[in-house]
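There are 2 protein chains.
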Amino acid sequence: MAGELKTIGKIRTPYRSVAECPSHVDPQGPPCRLVLDEAFHDGLKGLSPGQDILVLYWFENVDRDNMVQTPRRGGSKRGVFALRSPHRPNPIAASVVRVESIENGQLAVRGMDCLDGTPLLDIKPA
Amino acid sequence: MAGELKTIGKIRTPYRSVAECPSHVDPQGPPCRLVLDEAFHDGLKGLSPGQDILVLYWFENVDRDNMVQTPRRGGSKRGVFALRSPHRPNPIAASVVRVESIENGQLAVRGMDCLDGTPLLDIKPA
Numbered sequence: 001m002a003g004e005l006k007t008i009g010k011i012r013t014p015y016r017s018v019a020e021c022p023s024h025v026d027p028q029g030p031p032c033r034l035v036l037d038e039a040f041h042d043g044l045k046g047l048s049p050g051q052d053i054l055v056l057y058w059f060e061n062v063d064r065d066n067m068v069q070t071p072r073r074g075g076s077k078r079g080v081f082a083l084r085s086p087h088r089p090n091p092i093a094a095s096v097v098r099v100e101s102i103e104n105g106q107l108a109v110r111g112m113d114c115l116d117g118t119p120l121l122d123i124k125p126a
Numbered sequence: 001m002a003g004e005l006k007t008i009g010k011i012r013t014p015y016r017s018v019a020e021c022p023s024h025v026d027p028q029g030p031p032c033r034l035v036l037d038e039a040f041h042d043g044l045k046g047l048s049p050g051q052d053i054l055v056l057y058w059f060e061n062v063d064r065d066n067m068v069q070t071p072r073r074g075g076s077k078r079g080v081f082a083l084r085s086p087h088r089p090n091p092i093a094a095s096v097v098r099v100e101s102i103e104n105g106q107l108a109v110r111g112m113d114c115l116d117g118t119p120l121l122d123i124k125p126a
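Sequence order for the protein chains is A and B.
With this note's numbering, the residue at position 71 of the first sequence is 71, and numbering never jumps.
With this note's numbering, the residue at position 66 of the second sequence is 66, and numbering never jumps.
Here chain A stands alone, though its shape is the one from the complex:
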């Protein structure tokens, strides 16, 4: 598999530590921005404010070998594929958010659940 990922930009959030990050995205959460590198700006053509998008991003510094885990909210141990834990073989996060505005290769959204500076991998219509 020619599986090299490239960062297409960064996600700006208010969170500087994992402890501050919410466990899920929140449509009423604080303003965040998806900031695309200039090489990818043309890829936004045709996206509109009000549209829901699936955002793929990369959780860094996680344990990629832990197949059975205790859920963050408690309860019995479960397999990683039955959880949305960031600790997974391929730590790709997938969240749906609404586009509030688009300007200069930056999308305003709300309530992302990740650290400020998180690598952005992809945006698709949801």
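These aren't lab readings, by the way, just hints derived from the structure by calculation.
Positions of the beta carbon are idealized from the N, C-alpha and C atoms, including for glycine.
Treat the hints with caution; some may be incorrect.
[As the list claims (entries may be wrong)] The list that follows gives simulated cross-link-like pairs (lysine to any residue, SDA-like), each with its CA atoms no further than 20 Å apart: (1) A:Lys6 <-> A:Asn61; (2) A:Lys6 <-> B:Arg64; (3) B:Lys124 <-> A:Arg72; (4) A:Lys124 <-> A:Val25; (5) B:Lys124 <-> A:Pro125; (6) B:Lys45 <-> A:Arg72; (7) A:Lys124 <-> B:Pro86; (8) B:Lys45 <-> A:Pro71; (9) B:Lys124 <-> B:Gln51.
[Said to hold, decoys possible] On the chain B side, residues computed to face chain A include the following (Cβ under 8 Å): (10) Lys6; (11) Ile8; (12) Asp42; (13) Gly43; (14) Leu54; (15) Arg78; (16) Val80; (17) Phe81; (18) Ala82; (19) Asn90; (20) Asp122; (21) Pro125.
With chain A fixed as given, assemble chain B onto it according to the hints.
Same frame as chain A, but now just chain B:
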């Protein structure tokens, strides 16, 4: 970004050429299987038949540098992030399907849209 992907298994579908692949997943489509490598079988603990899952997989042999494209179904050119085209900077596909059964590290599902043997990257509760 420590962005190395690992294949966790393969997707078995009836499709041997890209021309045969449907453009979207179809809940009433033909039987397909998500076949996990043995090292990842424990990660399925807690998943149940009837549950909807988000499947992440990898489109190989695509053009990763084409920021503006004509939609497969026609219409005016759009940015790659406004399309679900497999030709994208990080060709990670994301589809929601229902688990029909789970046995020996294999999940029976229906109507995947990819080639037989497509690398499987992740499964999350949808």
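Consistency of the hints with the structure:
Between the alpha carbons of lysine 6 of chain A and asparagine 61 of chain A the distance comes to roughly 17 Å, so the proposed pair stays at or under 20 Å and holds. In summary, the hint linking lysine 6 of chain A to arginine 64 of chain B is supported, as the alpha carbons are separated by about 10 Å, within the 20 Å threshold. With a C-alpha separation of about 15 Å, the suggested pairing of lysine 124 of chain B with arginine 72 of chain A holds against the 20 Å cut-off. Note on lysine 124 of chain A and valine 25 of chain A: the hinted pairing holds, with a Cα-Cα distance of about 17 Å set against a maximum of 20 Å.
Between lysine 124 of chain B and proline 125 of chain A the CA atoms are separated by roughly 19 Å; this keeps the pair inside 20 Å, and the hint holds. For the suggested pair lysine 45 of chain B and arginine 72 of chain A, the alpha carbons sit about 16 Å apart, so the restraint of at most 20 Å is met. A threshold of 20 Å between alpha carbons decides the hint, and for lysine 124 of chain A with proline 86 of chain B the separation of about 11 Å falls inside it, so the pair holds. A distance of roughly 13 Å separates the Cα atoms of lysine 45 of chain B and proline 71 of chain A; the hinted pair therefore holds under the 20 Å criterion.
Taking the CA atoms of lysine 124 of chain B and glutamine 51 of chain B, the gap is about 10 Å. The hint holds against a cut of 20 Å. Because the beta carbon of lysine 6 of chain B sits about 6 Å from the nearest beta carbon in chain A, less than 8 Å, this interface hint is met. For the restraint placing isoleucine 8 of chain B at the interface with chain A, the shortest Cβ-Cβ distance is roughly 5 Å, inside the 8 Å limit, so the hint holds. With its C-beta approaching chain A no nearer than about 4 Å, aspartate 42 of chain B sits inside the 8 Å limit, and its interface hint holds.
At its closest, the beta carbon of glycine 43 of chain B sits 4 Å from a beta carbon of chain A; the interface hint therefore holds under the 8 Å criterion. Given the 8 Å rule on beta carbons, the hint for leucine 54 of chain B holds: about 6 Å separates it from the nearest Cβ of chain A. Hint on arginine 78 of chain B holds. Least Cβ distance to chain A is approximately 3 Å, under the 8 Å limit. Below 8 Å, beta-carbon pairs count as interface contacts, and valine 80 of chain B has one with chain A at about 4 Å; its hint therefore holds.
Look at phenylalanine 81 of chain B: its Cβ gets to within about 4 Å of chain A, closer than 8 Å, so that hint holds up. The beta carbon of alanine 82 of chain B is positioned within 8 Å of a beta carbon in chain A (closest approach about 3 Å), and the interface hint is therefore held. Checking asparagine 90 of chain B against chain A: minimum C-beta separation of about 5 Å stays under 8 Å; hint holds. For aspartate 122 of chain B, the interface hint holds, since its Cβ comes within 8 Å of a Cβ in chain A; the closest pair sits about 5 Å apart.
A cut of 8 Å between beta carbons decides the hint on proline 125 of chain B: the least distance to chain A is about 6 Å, and the hint holds.
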